[in-house]
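Residue numbers (the numbering used here), protein chains in the order written: chain A, 41 to 151; chain B, 5 to 117.
Source of the hints: derived by calculation from the structure; they are not laboratory data.
Any given hint could be a false lead.
Stated by the list, open to error - Subject to a maximum C-alpha distance of 25 Å in a straight line, what follows is the list of computed DSS-like cross-link-like pairs (lysine-lysine):
(1) A:K43 with A:K109
(2) B:K75 with A:K43
(3) B:K48 with B:K15
(4) B:K19 with B:K66
(5) A:K138 with B:K66
(6) B:K87 with B:K48
(7) B:K82 with B:K15
(8) B:K19 with A:K138
(9) B:K15 with B:K66
(10) A:K138 with B:K48
(11) B:K48 with B:K82
(12) A:K138 with A:K43
(13) B:K75 with B:K87
(14) B:K87 with B:K19
(15) A:K138 with B:K75
(16) B:K19 with B:K75
(17) A:K138 with A:K109
(18) B:K48 with A:K109
As the list claims (entries may be wrong) - Cβ-to-Cβ under 10 Å is the rule here; a few derived chain B residues that face chain A:
(19) R20
(20) S22
(21) Q41
(22) L49
(23) Q52
(24) Q54
(25) G102
Said to hold, decoys possible - Pair ranges (Cβ atoms, derived):
(26) B:Q101 with A:T148: 18 to 26 Å
(27) B:Q45 with A:S65: 34 to 42 Å
(28) A:S93 with B:R20: 50 to 58 Å
(29) B:Q101 with A:S93: 18 to 26 Å
All C-beta atoms in this analysis are idealised placements derived from N, C-alpha and C, irrespective of residue type, glycine included.
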Amino acid sequence: DAKTTQPNSMESNEEEPVHLPCNHSTISGTDYIHWYRQLPSQGPEYVIHGLTSNVNNRMASLAIAEDRKSSTLILHRATLRDAAVYYCIPLTGTSYGKLTFGQGTILTVHP
Amino acid sequence: EAGVAQSPRYKIIEKRQSVAFWCNPISGHATLYWYQQILGQGPKLLIQFQNNGVVDDSQLPKDRFSAERLKGVDSTLKIQPAKLEDSAVYLCASSPQGNQPQHFGDGTRLSIL
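Please take these sequences and the hints and turn them into a complete structure.
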């Protein structure tokens, strides 16, 4: 499995954009980059995933570096409900969907 | 769409007792996962089913943990006998097929006294 590095914690103010970085320098060419988040006392929640080009959905945007060794999850306007632990997870095609969670980034959103 | 249902929400037992957790995945999802999440850590996969067959149970402590998914729908995870280090949240997830986004339940929080 590809190793990931994320900051332990980040802080943001409500209604401001948040950029959550992830380094995955050992990622293979066919690994998709998945992001999940976990709100307090809840199970993880899928956010977004991508392979090479940038991706957008109703929750967030995913910017993937050209060399694919890093990616950034972008929350365009943080809300208090976005306070959670964010996990960046490379997913190999042969893993049959097995998610290997790291420590993640704890995001605190201030009102 | 109803989400992944898990029960019980909380369970407290003494060490060496047995315990079982139940999971009802999203209707039509072929793949079911059980994860263990120890306080302060990310979830760790214990076992993965594709329909009613096991795809990966390499991290399941088979001397005390067992899981089944009869008829390829509901699943149960059992611990017998429990140890203090089994205190954790047990999460169930499902997806239409492997490698597709997973939907998680809210888990069962197990405390061992």
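Here is what the structure says about each hint:
{"no.": "1", "hint": "A:K43 with A:K109", "in the structure": "holds (11 Å)"}
{"no.": "2", "hint": "B:K75 with A:K43", "in the structure": "violated (36 Å)"}
{"no.": "3", "hint": "B:K48 with B:K15", "in the structure": "holds (20 Å)"}
{"no.": "4", "hint": "B:K19 with B:K66", "in the structure": "holds (17 Å)"}
{"no.": "5", "hint": "A:K138 with B:K66", "in the structure": "holds (19 Å)"}
{"no.": "6", "hint": "B:K87 with B:K48", "in the structure": "holds (17 Å)"}
{"no.": "7", "hint": "B:K82 with B:K15", "in the structure": "holds (13 Å)"}
{"no.": "8", "hint": "B:K19 with A:K138", "in the structure": "violated (30 Å)"}
{"no.": "9", "hint": "B:K15 with B:K66", "in the structure": "holds (21 Å)"}
{"no.": "10", "hint": "A:K138 with B:K48", "in the structure": "holds (10 Å)"}
{"no.": "11", "hint": "B:K48 with B:K82", "in the structure": "holds (16 Å)"}
{"no.": "12", "hint": "A:K138 with A:K43", "in the structure": "holds (14 Å)"}
{"no.": "13", "hint": "B:K75 with B:K87", "in the structure": "violated (30 Å)"}
{"no.": "14", "hint": "B:K87 with B:K19", "in the structure": "holds (5 Å)"}
{"no.": "15", "hint": "A:K138 with B:K75", "in the structure": "holds (22 Å)"}
{"no.": "16", "hint": "B:K19 with B:K75", "in the structure": "violated (31 Å)"}
{"no.": "17", "hint": "A:K138 with A:K109", "in the structure": "holds (21 Å)"}
{"no.": "18", "hint": "B:K48 with A:K109", "in the structure": "holds (24 Å)"}
{"no.": "19", "hint": "R20", "in the structure": "violated (28 Å)"}
{"no.": "20", "hint": "S22", "in the structure": "violated (24 Å)"}
{"no.": "21", "hint": "Q41", "in the structure": "holds (8 Å)"}
{"no.": "22", "hint": "L49", "in the structure": "holds (5 Å)"}
{"no.": "23", "hint": "Q52", "in the structure": "holds (6 Å)"}
{"no.": "24", "hint": "Q54", "in the structure": "holds (7 Å)"}
{"no.": "25", "hint": "G102", "in the structure": "holds (4 Å)"}
{"no.": "26", "hint": "B:Q101 with A:T148: 18 to 26 Å", "in the structure": "violated (36 Å)"}
{"no.": "27", "hint": "B:Q45 with A:S65: 34 to 42 Å", "in the structure": "violated (23 Å)"}
{"no.": "28", "hint": "A:S93 with B:R20: 50 to 58 Å", "in the structure": "holds (54 Å)"}
{"no.": "29", "hint": "B:Q101 with A:S93: 18 to 26 Å", "in the structure": "holds (23 Å)"}
In this structure, the earlier hints numbered 2, 8, 13, 16, 19, 20, 26, 27 are contradicted, and the remaining ones agree with it.
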